[in-house]
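Enquirer: Residue numbers (the numbering used here), protein chains in the order written: chain W, 934 to 1237; chain E, 934 to 1237; chain D, 934 to 1237.
Do not take every clue at face value.
No copy labels: a pair is met if it fits in one copy or bridges any two.
[Stated by the list, open to error] Derived lysine-lysine pairs resembling DSSO-like cross-links, with alpha carbons at most 27 Å apart:
| # | residue 1 | residue 2 |
| --- | --- | --- |
| 1 | 1037 | 1208 |
| 2 | 1181 | 964 |
| 3 | 1231 | 970 |
| 4 | 1187 | 1111 |
| 5 | 960 | 972 |
| 6 | 972 | 1231 |
| 7 | 960 | 970 |
| 8 | 1216 | 1111 |
| 9 | 1180 | 1132 |
| 10 | 970 | 1111 |
| 11 | 1132 | 960 |
I should point out that these hints are in silico values taken from the structure, not numbers from a laboratory.
Read off the chains here:
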Amino acid sequence: MRHLISPLDFTVEELDQLLETASDIEKNPAKYQDACKGKKIATLFYEPSTRTRLSFEAAMINLGGQVLGFSEASSSSASKGESVADTIRIISCYADICAMRHPKEGAALVAANNSSIPVINAGDGGHQHPTQTLTDLMTIKSLKGRLDNITIGLCGDLKFGRTVHSLINALLRYDNVKFVLISPNELKVPEYIIENIEKAGAEYKEVTKLEDVISELDILYMTRVQRERFFNEEDYIRLKDSFILDKKKMSMAKDDMLVLHPLPRVNEISVEVDKDPRAVYFKQVQYGVYVRMALILKLLEVEV
Amino acid sequence: MRHLISPLDFTVEELDQLLETASDIEKNPAKYQDACKGKKIATLFYEPSTRTRLSFEAAMINLGGQVLGFSEASSSSASKGESVADTIRIISCYADICAMRHPKEGAALVAANNSSIPVINAGDGGHQHPTQTLTDLMTIKSLKGRLDNITIGLCGDLKFGRTVHSLINALLRYDNVKFVLISPNELKVPEYIIENIEKAGAEYKEVTKLEDVISELDILYMTRVQRERFFNEEDYIRLKDSFILDKKKMSMAKDDMLVLHPLPRVNEISVEVDKDPRAVYFKQVQYGVYVRMALILKLLEVEV
Amino acid sequence: MRHLISPLDFTVEELDQLLETASDIEKNPAKYQDACKGKKIATLFYEPSTRTRLSFEAAMINLGGQVLGFSEASSSSASKGESVADTIRIISCYADICAMRHPKEGAALVAANNSSIPVINAGDGGHQHPTQTLTDLMTIKSLKGRLDNITIGLCGDLKFGRTVHSLINALLRYDNVKFVLISPNELKVPEYIIENIEKAGAEYKEVTKLEDVISELDILYMTRVQRERFFNEEDYIRLKDSFILDKKKMSMAKDDMLVLHPLPRVNEISVEVDKDPRAVYFKQVQYGVYVRMALILKLLEVEV
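Make the full structure from the sequences, and use the hints.
Expert: Right under this line is the structure:
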């Protein structure tokens, strides 16, 4: 039995197949509409995340399956002191597969180790969120046609943003990916990620101003810069504009640059950008459903 | 693409058709049981409302469709600062239609303006709650046989009760509807509603005692009088009995007067009235399901 | 129309049939997968209980039916002052059967008295939790082959544990069941339960140390001993080890003794016991789904 705990759990080949399935689902949804008839996914969300939870639920329903679960810890047995290991053993009696979000790092792994059904990590604290990475990869692959030979800018909070770390690690497995790391000094990518990049022999640079580099990018991956991450208010006010994407900055970008964002977005992308055809962060949500459908099929070993 | 944001979004003709479909659903539920197979409704409830939410969910399930959503803001991305506009764009990737309840006036309209799926306003603050109005109209039409030529009493809090305002506006489109407005002076119908009535040339009167007028009514629409609406406790105690429906008051009413209530009911209708065949507020709940089924079919443009 | 409010609502014969159906479901799940197509269960949980709620939901989905409901009071109309009687009348318009958990004793009975659909009590305060008792009985019957001629130890908090009281009362209807009641003096079985045992002429003894009696048992039913039940911390520390099941105590037990627990478990069974084949508390969860499936079929009068 397979689980998905880390974005690197699948080989590049497995990933290719998964994205191919997802792409076929996009083209022929009707073919898959009864693929999981009689199957149930349990969505175990110990902290709320509407977008991720509903994406899994939509994915399972699109496959003809059903959903049960909870959307916050207070309505779970966790509030009575039950361990994750016990909960997953119980859930194994109720469902065929499970997606778990938990505030504690490693919770999904503990679940997988005690589960008799496949476990999908839907986010464990600041650690991993592999289906977001799958979504990001599918978006790039679908709209750019490739995962290699790209220059990708990652902008915003690169220190705490788990989606950024996972995406970098995932893209390092492809040839000739150049990383442009755009963040305030306080929120630079952690040292171990830089080491990963260097070990893989990939090109990268670190800058502090989006406008200086936006013209070089094939992909711009935006993330939120939270005010509370800064040491002082002055720095925040001085710096924040460099990490807000607006029409003016978009005018400096390539005609086919794609803008991605893991969402939710607060103000780091002006709404005026939403109508730009290069802004694909809402399409990305749609790809997230397809790739989760493909993932459920793979982990349940359903052939269509 | 159509939405339902205000009770007057549909023409009288469209409304007639909708109520006809609802009535056919009541008679032939089996005919509709797979009408929305493979379709999903998202119930986005930024504030809790069990009755309304479950009514939509029951409606969609009765049509063979599926449900996803959330039942309070805390388990939604709103708590992370996401705008309604962004949320609906995301939900558009997950579902085929959506019912939204939000504490802020106009939220559903914002959603509709940014949505690629039909949006049903399931209540936006004190503003609108159109499916309650559809429910009220269907109850009257089904049990009275007509929406014109009736004398309707509206009793209780007529100042803040959005269902009352909507129902008055909706009934003004029919011939010869007389309004008897029964409330304490503090909670009279707002001036702009009176203007609507006068503009439409409909008859009305305002009174402060239910017992004085109950014998004239074909329909009695009860609403809650909340203690906290009164300027002082004395007034509340002095007045409240005039707005509580009991057996004694029912004995003064016509044999075929119908009692409606949007529910939840607290104490404004004594439980002793529940068994009176003229008390149709629980039947009204059932009509609410039928009319929501008809509405979903209409907005999804499903032909049965 | 039948409801299930108390574990003794069914006769021994009815119970036998129910367990037989549950056992057939275990063996031939496919036979039942469309039995409740088009039917809906409402799960009305005024207090959270993931395990119980999801068990009902899994049961209904396994039967081809659908689910709607709420998982805590805050997202229900109860917060607006609606009575249980009104809520169930409304829910009767939405669903075909309902499972209700409520913090107040007697709430499920009130619901049943006002309902036009079958009501299952999923726990009403410290009072009753009949589907847990059905689950316990099915586990014993399935794994032990009988409900009579057994010696059962009940260990832990026997004073407040409603599952213990219900199980004793249920087993008193079978021949030659011996009860070994293992608890600190502060948490002994209430007098009225002892009276029930004596009236039925069953054998029993009360002891304070699990290790003294474990070798005699066919069944050990563990429950949680909550620290806050003790008069003082000293007593708790002195006593608690006698009520924790570990490998060492298991080594004194019969080779075919079964360990049951209503779950959630906190620390009263060491995790080292989980792998012992005699530890059947997670299997018990699976039986809980089967027996709830059988119950839904019975109350909905569905023949398969």
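Enquirer: Run every hint past the structure and note whether it holds.
Expert: Results of checking the hints against the structure:
1. 1037 to 1208: For residue 1037 and residue 1208, only the inter-copy Cα distance (26 Å) is at most 27 Å; the intra-copy one is 37 Å.
2. 1181 to 964: neither (43 Å within a copy, 56 Å between copies)
3. 1231 to 970: This pair counts as both: shortest intra-copy Cα distance 15 Å, inter-copy 25 Å.
4. 1187 to 1111: Classified as within; 16 Å inside a copy, 66 Å across copies.
5. 960 to 972: both (23 Å within a copy, 18 Å between copies)
6. 972 to 1231: Result: close both inside a copy and across copies, 14 Å intra and 24 Å inter.
7. 960 to 970: Classified as both; 20 Å inside a copy, 20 Å across copies.
8. 1216 to 1111: within (24 Å within a copy, 52 Å between copies)
9. 1180 to 1132: neither (37 Å within a copy, 48 Å between copies)
10. 970 to 1111: neither (43 Å within a copy, 46 Å between copies)
11. 1132 to 960: Neither: 38 Å inside a chain and 55 Å across chains, both beyond 27 Å.
Against the hints set out earlier in the document, violations occur for numbers 2, 9, 10, 11.
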